[in-house]
Amino acid sequence: MNHFIELIGRCIPGPGSKAVLEEVKSFIKERGLFRNDFLLQADTVCKKISFVSKGACIKYRNRDGKEEVTEFYLEGMLTGDYVSFIKQEPSEHYIRALEDSVVEEISYTDLNYLYSMYPLMEQAGRILSQQTYCKVITRMLSYQNDSPEIRYQKLVEERSILFQRVPQYLIASFLGVTPVGLSKIRKRLQDNGPAKIG
Amino acid sequence: MNHFIEVIAQFIQGEEAVLETVKTFIKPRSVKKNDFLLQAGSICKKATFVNKGSCYMYRDVDGKEEVIEFYFEGMLNSDYVSFIRQEPSTQYIRALEDMEIEDLSYDDLEYLYAKVPSINRAVRMITEGLYCGITKRMLSYQNDSPEVRYQKLVDQRPVLFQRVPQYLVASFLGVTAVGLSKIRKRIGHAPAGH
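Listed in order, the protein sequences are those of chains A and B. Positions 1 to 198 (our numbering) are the ones given, in order, by the first sequence. Positions 1001 to 1194 (our numbering) are the ones given, in order, by the second sequence.
Treat the hints with care, since some could be wrong.
[As the list claims (entries may be wrong)] Far from chain A, by Cβ distances over 12 Å, these chain B residues were calculated:
hint, residue
1, Val1007
2, Glu1073
3, Arg1094
4, Val1178
5, Arg1184
[As the list claims (entries may be wrong)] For each label pair, taking beta carbons as the anchor points, the in silico distance ranges come out as:
hint, chain 1, residue 1, chain 2, residue 2, range
6, B, Val1178, A, His3, 48 to 56 Å
7, A, Gly32, B, Gln1013, 36 to 44 Å
8, B, Lys1115, A, Phe27, 40 to 48 Å
9, A, Arg165, B, Lys1052, 49 to 57 Å
10, B, Val1148, A, His3, 21 to 29 Å
If you are wondering where the hints come from, they were derived from the structure by calculation, not from laboratory data. Heads up, the beta-carbon is just placed ideally off N, CA and C, and yes, glycines get one too.
Please model the complete structure; the sequences and the hints are all you need to start from.
What follows is the structure, given as structure tokens:
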């Protein structure tokens, strides 16, 4: 999937959606980001949902001077601080380009306009929110119950691309361990074989 | 909020006819303490609102119960992932007390999406609310120490300590029952109700 509109189109596959999608398309704006540019700064309200059509971004919080990585976004993913976007409250997160990137954006105001104009957009919004929910709860359960070893293994199996495109220390932070902790996990797994994934 | 329809009504204002239609699909029922609302291996076919009583959701991992959530009056419960995807659940939901609940089935909801499209808006907004809650919890599990998680629970959901056995609260926090006792001792006070 290379474009935001395709992601929306998938949620409303019927023949009646063509005209709606054309209309929605006119509200999606493309822009380029250089590596290290910010897509979102902490203490500002997230006013756009962005689709990564090229490149990669990282989301993190800064707590007591420590960067806590909360997500990586690669091609085909939606990015933004969805909580800040939903509530239109200031975010505590930063989103920054890890590589030169291209994003496609739709603003909060435009999205709500589209919701109010087109019942099919309400359907797309409902389905996208449900898909996003499924992803976040899967991760939440993993943080709640899985050991760091198992979280690491799941990441290797499910998102191996991260290990090619993201620095180690950021992956460690994402897993909720120190870089030294991550090295130890890798060594243990090499010595003892994989842990059982429940 | 005492009824399922009120949760939906928040997001569909001024559409009484829609609400009347939705209402006819919401079915009340009673559940006895220890009864299951959902069993692992089966598909979650209903979204349920708790009118009275409480229940909890857990997974069984190698014989160990991992508590995922507690639900009290006014809350919706289901394995929402299983419900959305109509795939078998890995979770159990069981009544901690005798309960009165209201169910809305997946099939009826699908029918309603087609029949009264504004129900999409209500479900999106309910889902967004759930998303915000889960994200907050995820960030807490990712970055907070068990002490901080415990303190947040005491501050934000003190009712848990009054209505739920200790060992289940410990599991919810991702610590052992002994671990929870140690945290309380370190922090040096017991929560209200103990």
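Okay, the hints, checked on the actual structure:
With a cut of 12 Å on Cβ distances, B:Val1007 stays outside the contact zone with chain A, its closest approach being about 15 Å. Residue-level check passed: B:Glu1073 sits 22 Å from the nearest beta carbon of chain A, beyond 12 Å. Consistency note on B:Arg1094: stated as away from chain A, and its beta-carbon is indeed over 12 Å from all of that chain's, at 18 Å minimum. Distance check on B:Val1178: its Cβ is at least 18 Å (rounded) from any Cβ of chain A, clearing the 12 Å threshold; non-interface status holds.
Non-interface call for B:Arg1184 relative to chain A: holds, since the shortest CB-CB distance, roughly 20 Å, exceeds 12 Å. Range check, B:Val1178 to A:His3: Cβ separation about 53 Å, and the 48 to 56 Å hint holds. Separation of A:Gly32 from B:Gln1013 is about 41 Å and conforms to the stated range, judged on CB atoms against 36 to 44 Å. Separated by about 28 Å at the C-beta atoms, B:Lys1115 and A:Phe27 break the suggested range of 40 to 48 Å.
Under the hint 49 to 57 Å, the C-beta atoms of A:Arg165 and B:Lys1052, about 51 Å apart, fit the expected range. At about 41 Å, the beta-carbon gap between B:Val1148 and A:His3 misses the expected band of 21 to 29 Å.
Violated hints, listed in ascending order, are 8, 10; each of the other numbered hints is respected by the structure.
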